[in-house]
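Asker: Residue numbers (this note's numbering), protein chains in the order written: chain A, 55 to 294; chain B, 55 to 294; chain C, 55 to 294; chain D, 55 to 294.
Calculated directly from the structure, the hints in this document are not laboratory data.
The structure presented is a predicted model; accordingly, all values stated were derived computationally and were not measured.
Treat the hints with caution; some may be incorrect.
Copies of the same chain are indistinguishable here, so a pair counts whether it falls within one copy or spans any two.
As the list claims (entries may be wrong) - Quick list of in silico lysine to aspartate or glutamate cross-link-like pairs, DMTMM-like style, CA-CA up to 25 Å:
1. Lys-273 <-> Glu-207
2. Lys-278 <-> Glu-139
3. Lys-273 <-> Glu-194
4. Lys-278 <-> Asp-238
5. Lys-273 <-> Asp-218
6. Lys-273 <-> Glu-139
7. Lys-278 <-> Asp-125
There are 4 protein chains.
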Amino acid sequence: MSLLAEALREQVCRANLDLVARGLVMGTFGNVSGVDRDAGLFVIKASGVPYGELTAGHMVPISLETGLPLDTRFRPSSDTPTHHEIYRAFSCGGVAHSHSEFATAFAQARTPVACMGTTHADYFRGSVPVTRPMTRDEVESDYERNTGLVIVEAFETLGLSPEDVPAALVANHGPFTWGRDASDAVERAAVLEYLARMECLRRLVAPDAPAPADYLVNKHFNRKHGHDAYYGQKPGPGRS
Amino acid sequence: MSLLAEALREQVCRANLDLVARGLVMGTFGNVSGVDRDAGLFVIKASGVPYGELTAGHMVPISLETGLPLDTRFRPSSDTPTHHEIYRAFSCGGVAHSHSEFATAFAQARTPVACMGTTHADYFRGSVPVTRPMTRDEVESDYERNTGLVIVEAFETLGLSPEDVPAALVANHGPFTWGRDASDAVERAAVLEYLARMECLRRLVAPDAPAPADYLVNKHFNRKHGHDAYYGQKPGPGRS
Amino acid sequence: MSLLAEALREQVCRANLDLVARGLVMGTFGNVSGVDRDAGLFVIKASGVPYGELTAGHMVPISLETGLPLDTRFRPSSDTPTHHEIYRAFSCGGVAHSHSEFATAFAQARTPVACMGTTHADYFRGSVPVTRPMTRDEVESDYERNTGLVIVEAFETLGLSPEDVPAALVANHGPFTWGRDASDAVERAAVLEYLARMECLRRLVAPDAPAPADYLVNKHFNRKHGHDAYYGQKPGPGRS
Amino acid sequence: MSLLAEALREQVCRANLDLVARGLVMGTFGNVSGVDRDAGLFVIKASGVPYGELTAGHMVPISLETGLPLDTRFRPSSDTPTHHEIYRAFSCGGVAHSHSEFATAFAQARTPVACMGTTHADYFRGSVPVTRPMTRDEVESDYERNTGLVIVEAFETLGLSPEDVPAALVANHGPFTWGRDASDAVERAAVLEYLARMECLRRLVAPDAPAPADYLVNKHFNRKHGHDAYYGQKPGPGRS
Numbered sequence: 055m056s057l058l059a060e061a062l063r064e065q066v067c068r069a070n071l072d073l074v075a076r077g078l079v080m081g082t083f084g085n086v087s088g089v090d091r092d093a094g095l096f097v098i099k100a101s102g103v104p105y106g107e108l109t110a111g112h113m114v115p116i117s118l119e120t121g122l123p124l125d126t127r128f129r130p131s132s133d134t135p136t137h138h139e140i141y142r143a144f145s146c147g148g149v150a151h152s153h154s155e156f157a158t159a160f161a162q163a164r165t166p167v168a169c170m171g172t173t174h175a176d177y178f179r180g181s182v183p184v185t186r187p188m189t190r191d192e193v194e195s196d197y198e199r200n201t202g203l204v205i206v207e208a209f210e211t212l213g214l215s216p217e218d219v220p221a222a223l224v225a226n227h228g229p230f231t232w233g234r235d236a237s238d239a240v241e242r243a244a245v246l247e248y249l250a251r252m253e254c255l256r257r258l259v260a261p262d263a264p265a266p267a268d269y270l271v272n273k274h275f276n277r278k279h280g281h282d283a284y285y286g287q288k289p290g291p292g293r294s
Numbered sequence: 055m056s057l058l059a060e061a062l063r064e065q066v067c068r069a070n071l072d073l074v075a076r077g078l079v080m081g082t083f084g085n086v087s088g089v090d091r092d093a094g095l096f097v098i099k100a101s102g103v104p105y106g107e108l109t110a111g112h113m114v115p116i117s118l119e120t121g122l123p124l125d126t127r128f129r130p131s132s133d134t135p136t137h138h139e140i141y142r143a144f145s146c147g148g149v150a151h152s153h154s155e156f157a158t159a160f161a162q163a164r165t166p167v168a169c170m171g172t173t174h175a176d177y178f179r180g181s182v183p184v185t186r187p188m189t190r191d192e193v194e195s196d197y198e199r200n201t202g203l204v205i206v207e208a209f210e211t212l213g214l215s216p217e218d219v220p221a222a223l224v225a226n227h228g229p230f231t232w233g234r235d236a237s238d239a240v241e242r243a244a245v246l247e248y249l250a251r252m253e254c255l256r257r258l259v260a261p262d263a264p265a266p267a268d269y270l271v272n273k274h275f276n277r278k279h280g281h282d283a284y285y286g287q288k289p290g291p292g293r294s
Numbered sequence: 055m056s057l058l059a060e061a062l063r064e065q066v067c068r069a070n071l072d073l074v075a076r077g078l079v080m081g082t083f084g085n086v087s088g089v090d091r092d093a094g095l096f097v098i099k100a101s102g103v104p105y106g107e108l109t110a111g112h113m114v115p116i117s118l119e120t121g122l123p124l125d126t127r128f129r130p131s132s133d134t135p136t137h138h139e140i141y142r143a144f145s146c147g148g149v150a151h152s153h154s155e156f157a158t159a160f161a162q163a164r165t166p167v168a169c170m171g172t173t174h175a176d177y178f179r180g181s182v183p184v185t186r187p188m189t190r191d192e193v194e195s196d197y198e199r200n201t202g203l204v205i206v207e208a209f210e211t212l213g214l215s216p217e218d219v220p221a222a223l224v225a226n227h228g229p230f231t232w233g234r235d236a237s238d239a240v241e242r243a244a245v246l247e248y249l250a251r252m253e254c255l256r257r258l259v260a261p262d263a264p265a266p267a268d269y270l271v272n273k274h275f276n277r278k279h280g281h282d283a284y285y286g287q288k289p290g291p292g293r294s
Numbered sequence: 055m056s057l058l059a060e061a062l063r064e065q066v067c068r069a070n071l072d073l074v075a076r077g078l079v080m081g082t083f084g085n086v087s088g089v090d091r092d093a094g095l096f097v098i099k100a101s102g103v104p105y106g107e108l109t110a111g112h113m114v115p116i117s118l119e120t121g122l123p124l125d126t127r128f129r130p131s132s133d134t135p136t137h138h139e140i141y142r143a144f145s146c147g148g149v150a151h152s153h154s155e156f157a158t159a160f161a162q163a164r165t166p167v168a169c170m171g172t173t174h175a176d177y178f179r180g181s182v183p184v185t186r187p188m189t190r191d192e193v194e195s196d197y198e199r200n201t202g203l204v205i206v207e208a209f210e211t212l213g214l215s216p217e218d219v220p221a222a223l224v225a226n227h228g229p230f231t232w233g234r235d236a237s238d239a240v241e242r243a244a245v246l247e248y249l250a251r252m253e254c255l256r257r258l259v260a261p262d263a264p265a266p267a268d269y270l271v272n273k274h275f276n277r278k279h280g281h282d283a284y285y286g287q288k289p290g291p292g293r294s
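Build the full structure now, drawing on both the sequences and the hints.
Answerer: See below:
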């Protein structure tokens, strides 16, 4: 592999371990990938390797064009085709999948994580959507690829931008998030879990509470994202 | 004791300590056992020994035929006859009993842990059932043996396979899980607790949410179990 | 002080620190005491001392007869008269008071922690009661002594034995527990918190779930308490 | 800077780190400030600096008169004008802002944290209020200053004393607390989060539970605050 791809493996391995350190993973579940579009590949965690043993060498390179492994030492995560479809449709640099508790509960409830406040709006401009249930055909053949396709379909159907809302809940399954790189995707997975916790509590306290006005949501999203961002020490285009 | 039985004691002791490390135990509650069917015995934690002092020597060997201790240094867990009945009826290698918070709350609510998503289906093909309440006679004489018998009865009544659903909630008591060996039984106890947490949350978010289709549940269960498993690095028969 | 009283101070100090270690305390809240009936005194934590600085020397001896401090180096916990009334009415050896999260929430909801399963019945034979609200007079003069008196009144009114149910929730305030000694009282405070967590969840899952039969509750309580106890390595009278 | 201002920077830095240590912060969110009214300035955390790198040098001094930075090495927290308005209207010494989970959920539910017991009354004499939603104009120009103004307006409208209730929830945003100094403001942020947890649970257990009588609330507030306080080792005026 090239030096670049080696660096990517290191970065993606760290992001996978970070997913565990943030408490978003049960057992060997969960997987994170990162892409090098110039090199035409992404790398992803090997399937079912205990996190305690995970090294950069367990990151499997996958062709962006074919979706097939470029190295056969380890079998890649069974969710690899889902990541592949997300990279093909969305211009992101990293993808994370977890079974984190509250976000998964919303996916099992087939209920979007509504945007009810500024903590949410700092990261996602609007509700995090749920995909439609998959058909028998979609499940029984090429299941993991079809999982990616229903995510992409949800964004098209709802007219949502994957940059405004870099996350989706797959119905009766769990959350996927994406970002600038693998590490950014994991941070968003952690934030989504936090938002799902608060939204679950909000529903308990006041099920019919009014949503915040659009101008408040836009104000907060734009404080941190895009040309007029003014949060942090080095504001400007490209931050998020 | 034979060398084999000594190894089993070590393994079962580690599994008991793992039950604590995973946060499934309050005080000295909970017990794990493992069986050696060729040797005709299983070993189980001694009753009421603080986990901080637990060693392999506190694992008491019990005759599979009679259910009686083969060694009288320590009194075995008071739940020993429950484990004995599970070994007699189900072809498992280990049994775990905890009072973990959410699974016990479902047992106290006499409510099954419904299968609402793929995290559940990766481990259990369908809802985790609750036993019927026990009668006065069952409680007042040979209570712990009858506890095992109502678990077995629940699987017969519901036509459930103990391999498809390796767990039960005893009404107003708590969860029992089983598996290939003691360690596998403990892992399933931890997963059941995680699933009960998510199912409690799902019920709060959307009490009437539709269950996932059978074909999705089967897809996930079969991805990890049986002849066509393709999760992990060494798929094939006998994995779970 | 006598050697006996010094040992009691050490024991009560450890029990106070254990209350913190078990996560039952917020800030400097909470207090534990232990009695030496032969010496005619009990010792209790000094008021408002940060737990990080607490030593046996901060345990203040109080006369069982008068309720007044026998040593004026430190002001005793403001809740001292509550402990005093409990020692006068109940034959216990230690008392603990915390503001632990779930037990306090039940006290604020003026709702007993119902006995819904065997985990509860292993420690408390029936629901943990809530006191009646206190009158203006009771609050405005000798408030802390009256707090103890409404606890005692609740047990008399309900015909409850303080040995069967060694805990009470003071309405809109929080839990008090008692036991053989200070350490036992703290263990029961921890168990009560765990039971309150499970009962809160049970209510969410199935608000109308039937209570367990009395014969099941008695079976479990008697397995661990009294002459026929058979849990643990050294069963017999006096265990609990 | 003067020696006094340096000491203030150290103190405010420690309070910001304490906000993290107490689990009230997600990511780089949250900010704490402290005022030196004689010197005519307050100091506040720089914007978006990771907490792991935070030093006293990242505390930015702000003029109490103009609200502008007195030092341009670091951009101050984007919430600085909110703190400024709180210092102008209320006679406090420190202000803390977090996105802690339960308090933020109440803000997103636009529901006050009701005073349902003595734990609450020990810190806040009555419910912690929610501000009205902000108008489009208030959000689109000088948003952070207007956030401070709606807090002050809420206290005027409700006739509340900021000393009796040193906290507010900004609608669809999150909690602000204040106190004698930065450290006291952080302690109150932690207590508010604890109270919000218990109030959320209380609502689940008994949504229609009666509130405690005013005389009980006043009794507890006055036990710890003001001239007749008798909690702790050194009671008297000025304690809280």
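Asker: So which hints don't hold here, by number, going up?
Answerer: When the structure is compared with the hints, none of them turns out to be violated.
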